[in-house]
Amino acid sequence: MRRTSLFPIHKELDAKIVEFAGWEMPVQYEGVRAEHCVVRRQAGLFDISHMGEIEVTGKEAARFCQLVTTNDLGRLDNFQAQYTLFCNFRGGVVDDVILYRFSDERLLFCVNASNRTQVLEWLKGLSHMCDVEITDRSHEFAQVAIQGPASEPILSKTVGEDLGVLQSFSFRSLNWSGKDLTISRTGYTGEDGFEIFLPWQDGQNLWTELTTVGKQYGLKPCGLGARDTLRIEMGYSLYGHEINERVSPFDAGLGKYVKMYKEDFIGKEALQDALSKGSKNKVVGFEMIARGIPRQGYDILKNGVSLGKVTSGTLSPTLDKSIGIGYLNKEVEHGGRIEIWIRGTAREALVVDLPFYKRQGRASIKTQSIKN
Amino acid sequence: MTQIPDEPRYTDEHEWALEGKGLLVIGITDHAQEALGEIVYVELPSEGDEIAKGDSFGAVESTKAVSDLYAPVKGEIIEVNEALFNSPEIINEDPYGEGWLIKVRPHDPTELDDLMDHEDYAEFLEKDIG
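Just so you know, the protein sequences line up as chains V and S, in that order.
For the first sequence, the residue numbers in my numbering are 1 to 372.
For the second sequence, the residue numbers in my numbering are 373 to 502.
For the record, the hints were derived by calculation from the structure and aren't laboratory data.
Keep in mind that the hints are not guaranteed to be accurate.
[To be verified] Here are the simulated lysine-lysine pairs, BS3-like style, with alpha carbons at most 27 Å apart:
(1) V:Lys256 - V:Lys280
(2) V:Lys280 - V:Lys330
(3) V:Lys215 - V:Lys256
(4) S:Lys475 - V:Lys11
(5) V:Lys256 - V:Lys268
(6) V:Lys16 - S:Lys499
[Claimed, not checked] So the derived label-pair ranges between C-beta atoms look like this:
(7) S:Asp466 - V:Phe89: 55 to 61 Å
(8) S:Pro377 - V:Glu161: 55 to 61 Å
(9) S:Asp480 - V:Lys330: 28 to 34 Å
(10) V:His139 - S:Asp485: 51 to 57 Å
(11) V:Glu161 - S:Glu461: 53 to 59 Å
(12) V:Asp180 - S:Phe457: 50 to 56 Å
(13) S:Asp485 - V:Thr212: 32 to 38 Å
(14) V:Val305 - S:Glu448: 50 to 56 Å
(15) S:Gln375 - V:Trp200: 35 to 41 Å
None of these values were measured; they are calculated from a predicted model.
Using N, Cα and C, we set each Cβ at its ideal position, and we do this for glycine too.
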């Protein structure tokens, strides 16, 4: 089992530690609901050092990334980031990632911890197509996310630079007390916020400094539990839940990150095929009407007939309702009734639009879409 | 430190059962509530329902996880702790007291003897968590 460089801090804070993708990670400190709400109202600090970082360098690095991802890298300037997907030749999702473009010859993928080795092998296997080098730099980077409306003042004050000018899905590299930081205005919570890459051994330094500066803003440490409930409220996909290598991005509601006009990319042919055949399998959001919390794997029915399965569910701390995401193999209109099979009984639920939660206020203008 | 009072009997699914006035009060142990984290939802049977030993009779859930409840004995539900429906966190705060789940009239009181006493349960936990 691996530990991040922040593990001693989590222990000191008496976090509850769980195993996640081979890592010992904090699932909660004070409590999931309190941590969830602090991100919606003030700011929360997450250790996400378990995420993988895979670098692509070389003369044809940009061309390679364009070939192996579904989104259009051509629309990305240097120091911009993009939500994108790797698909396999059958059009299934290998991973969903953030791609950071430092230059045409240096790009970085931030990949799911659970997929790091598969993605690395996948990319290495494809690297003969271009003049590139693939390097796993996961062990070099600690990664910290600060998320919530107070993130900008806290982080700006901490690093001594005005980050108000940093646009959503842009990033910059800067030097902070002799340490190289890469600060990106991205996140996985639906709030304004930043993700910071820094050298592995400097994680504790930055965490401690952010905690000190953040105190007056109400900043609190947050675990993977809140990270999950926050992303569910936003309807964001999680690998192994909404997406996997047998699911097409179209079915998963990620079609806007697949640019079929691109000349060529891995999986394009299969995806073209999938598009022309059409698919009835679609991801939907739903709210429980009856009591009960939907969980991954529960059956979804309509009038007693099985329609699919739940992929994620929780009691939404913001909405105080039971919410879920799942797949239906038959169209049910929004507002339509479905049933979730929970402990031997069919419980009524309502199909609703995703996301469940929409951010209010000024900040939403600047960072409208968390996944562009 | 996990609380394991002397009086109740315990199941390997981390329920406790305490005898009194011909009824059994049933709840989940301190270890169970601690492992689950903050409990946000409780589902219990209705008064008058019959439960059979080893069957699932409901669930307690945290934001992240669901934990089924297993009946330690066969019997009839006499009372359910309705306060938990609005305030499930009571289980976290007082698992052996205010956080009780159901009261059961056992059909065969000797079934209680099959359950662990506090010393056995403490030993079981040690093995369980390692």
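Tested hints:
About 18 Å separates the Cα atoms of V:Lys256 and V:Lys280, which keeps this hinted pair within 27 Å; it holds. At most 27 Å may separate the alpha-carbon atoms for a hinted pair to count; V:Lys280 and V:Lys330 meet this at roughly 6 Å. Note on V:Lys215 and V:Lys256: the hinted pairing is violated, with a Cα-Cα distance of about 39 Å set against a maximum of 27 Å. Proposed proximity of S:Lys475 and V:Lys11 is contradicted: the alpha carbons are some 39 Å apart, above 27 Å.
For the hint pairing V:Lys256 with V:Lys268, the CA-to-CA distance comes to about 14 Å; that is within 27 Å, so the pair holds. Distance hint between V:Lys16 and S:Lys499 is fulfilled; the C-alpha atoms sit about 20 Å from each other, no more than 27 Å. For S:Asp466 and V:Phe89, the Cβ-Cβ distance of about 57 Å falls inside the hinted range of 55 to 61 Å, so the restraint holds. Between S:Pro377 and V:Glu161 the CB atoms are about 56 Å apart, so this pair conforms to the stated range of 55 to 61 Å.
Restraint check, S:Asp480 to V:Lys330: a C-beta distance of roughly 48 Å breaks the suggested window 28 to 34 Å. At roughly 55 Å, the beta carbons of V:His139 and S:Asp485 sit within the given window of 51 to 57 Å. Roughly 42 Å separates the CB atoms of V:Glu161 and S:Glu461, a value that falls outside the hinted 53 to 59 Å. Between V:Asp180 and S:Phe457, the C-beta spacing of about 53 Å keeps the proposed range 50 to 56 Å intact.
For the pair S:Asp485 and V:Thr212, the beta carbons lie near 58 Å from each other, so the given range of 32 to 38 Å is not met. Checked against the hint of 50 to 56 Å, the pair V:Val305 and S:Glu448 fails, with Cβ atoms roughly 35 Å apart. Take S:Gln375 and V:Trp200: their Cβ atoms lie about 40 Å apart, and the range 35 to 41 Å holds.
Of the numbered hints listed earlier, those contradicted by the structure are 3, 4, 9, 11, 13, 14.
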